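Using the hints, position chain Y against chain L.
Sequence order for the protein chains is L and Y. Residues in the first sequence are numbered consecutively from 1, following the working numbering. Residues in the second sequence are numbered consecutively from 1001, following the working numbering.
Any given hint could turn out to be false.
Estimated spans, in silico, between C-beta atoms of each pair [what the hints assert, rightly or not]:
(1) 1184(Y) / 22(L): 23 to 31 Å
(2) 13(L) / 1124(Y): 13 to 21 Å
(3) 40(L) / 1024(Y): 47 to 55 Å
These are calculated hints, taken from the structure and not from any lab test. The model shown is predicted, which means the values in this text are computed figures rather than measured ones. Beta carbons: idealized from backbone N, C-alpha and C, even for Gly.
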Amino acid sequence: MDTFPYLFAAYGLIWLVTFLYILRLMRRQQELRRELEALKQARKKE
Amino acid sequence: MKVLDRVLWALGLVGILFALYLVFMWVPTADVREGIAQRIFYFHVPMAWISFLAFSLTFLGSILYLWRGTKGWDHLAYSGAEIGVVFAFLNIVTGSIWARPAWGHWWVWDPRLTSMLVLWLIYVGYLLLRSYTPAHQAPRFAAVVGIAGFLDVPIVYFAIRWWRTLHPGPVIGTGGGLHPTMLTTFLVSLAAFTLFFILLARLRVGLRALEAEIEETKEAWRE
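The following block holds chain L by itself, in its conformation from the complex (with noise of 0.2 Å):
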């Protein structure tokens, strides 16, 4: 029996929500620095 396709499919499943969920992480990441930088900036022109 074959089963390289069900092989295929766990590890690429694997990688493909590790490498996502990582990529939001980091975006959300980069968006709260600037976000907060901004109400940084924003409070010290008050």
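Chain Y only, in chain L's frame:
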């Protein structure tokens, strides 16, 4: 990103790539009937391991938050739940993919599979609770779920000892009678993913702290 963080991320990546090399190039296929799909095992179990570690963080963070009331513990609890949900999902789905060639079914209502699914649902509920509860109440309510939900972790682990099950015997803590090459590959994979988990948890806790800082800055501004 600090230099130490970069070095650790690089180490984690090298570790996982080395584990992949062992899985695909070094270790022999153990089960003729399942064929090459048996190698799903080497990443399937670490996914469960990461989720258990992550839910342990939630458990610990929740207890300490209720005890001390420090926000940092709540950040730890939340981060653990989120990481745990992601990797428990991967454990369940890769297990299902492995089950098809091994058992002839995508899913069976086996005690191990069912208790793991329940564990995942508990912590999905934890995250939903945090999303839909007012911010000043969410950490306390969620901490109760984080502690109570953790009771399912030993049930998942011992399910294969307590009940008759299709699932293979325990590997973590016993070695599961694996051939030395299989055990080496498994342990390398487990170590690499443990390092990866530590890095991911640090990243997520830092992010959660940043989210909280922004909320506090906004609130201070409103006042």
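To see whether the hints hold, each was checked on the structure:
no.: 1; hint: 1184(Y) / 22(L): 23 to 31 Å; verdict: 27 Å, holds
no.: 2; hint: 13(L) / 1124(Y): 13 to 21 Å; verdict: 18 Å, holds
no.: 3; hint: 40(L) / 1024(Y): 47 to 55 Å; verdict: 49 Å, holds
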